[in-house]
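2 protein chains.
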Amino acid sequence: MNDAFIEDTTAIEAAAVSYLTAFNRADAATVISTYADDGVLMAPGRPATVGKSSLAKTYPGIFEKVSFDMKYEIKEVVQTSAAWGFVRSTTEGTQIVKATGEAHSASYQELFLLRKSTDGVWQIARYCTVNVTP
Amino acid sequence: MNDAFIEDTTAIEAAAVSYLTAFNRADAATVISTYADDGVLMAPGRPATVGKSSLAKTYPGIFEKVSFDMKYEIKEVVQTSAAWGFVRSTTEGTQIVKATGEAHSASYQELFLLRKSTDGVWQIARYCTVNVTP
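In the order they appear, the protein sequences are chains W and G. FYI, in my numbering the residues of the first sequence are 88 to 221. FYI, in my numbering the residues of the second sequence are 88 to 221.
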């Protein structure tokens, strides 16, 4: 808390973009690496996934069932302290249920709460994504 | 940013609880009063509602259509700086579509990002809620 405030919004945004682009290419390993050890995923249709070892099970399960072709838009990037910041974004595109091949348009909004690690890396501490389309 | 860090998790939690209980009794005025002027709501089935004047239209629209009987559980309260903190919670209960009287069980999770105003009041800066049940 007593660390000097160093403006770091570029790195904060880059961490969220790293997540969004890895998610879109179904790259579970990179997705999981963008989280802090205590990271939490809050996504539609499931309870919160808490901690990196649980996240490492959840994401492959998502990517097995659905493929995504989404474009993101960063709505805001705010650094709230030396070690914390948040990013709000939207994603829009197509998702395909792999079992059936059924494709439909999809639209989400995302709130990333990011924390700077002791190594100076911005990581996802909490992440909430919610569907815009019903 | 240079304000001294004063431990304030009780007030942070109280702000989130104030929102959750006002929402449950369809008290739009109190719900809206828990937000900062630049507050943002991210909820299922709609784009982000940005700013208090937009929030003042969105919530009455929700309460006209649906009534809620939900119990909340606070999962974590974290103060990240002198003026910022977050709360993660879950809500579970019944919601009723007013037009049809149709009731169904519902379960959500919530992420509140709160900021302390210059008057020392913790307000909702960003809020994301997502359904646990599909």
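Since the hints were derived computationally from the structure, they do not count as laboratory data. Among the hints, erroneous ones may be present.
When chains are identical, the list treats them as one kind, so a pair holds in a single copy or across two.
Computed list of lysine-lysine pairs in DSBU-like fashion (alpha-carbon distance at most 35 Å, straight line) [unchecked claim]:
#, residue 1, residue 2
1, Lys152, Lys139
2, Lys185, Lys139
3, Lys144, Lys185
Hint check results:
In the homo-oligomer, the alpha carbons of Lys152 and Lys139 lie at most 35 Å apart inside one protomer (21 Å), although the nearest pairing across protomers, at 39 Å, exceeds that limit. Proximity of Lys185 and Lys139 under a CA criterion of 35 Å is satisfied intra-copy only: 25 Å inside one chain copy versus 41 Å between copies. In the homo-oligomer, the alpha carbons of Lys144 and Lys185 lie at most 35 Å apart inside one protomer (18 Å), although the nearest pairing across protomers, at 39 Å, exceeds that limit.
The earlier numbered hints are all upheld by this structure, with none contradicted.
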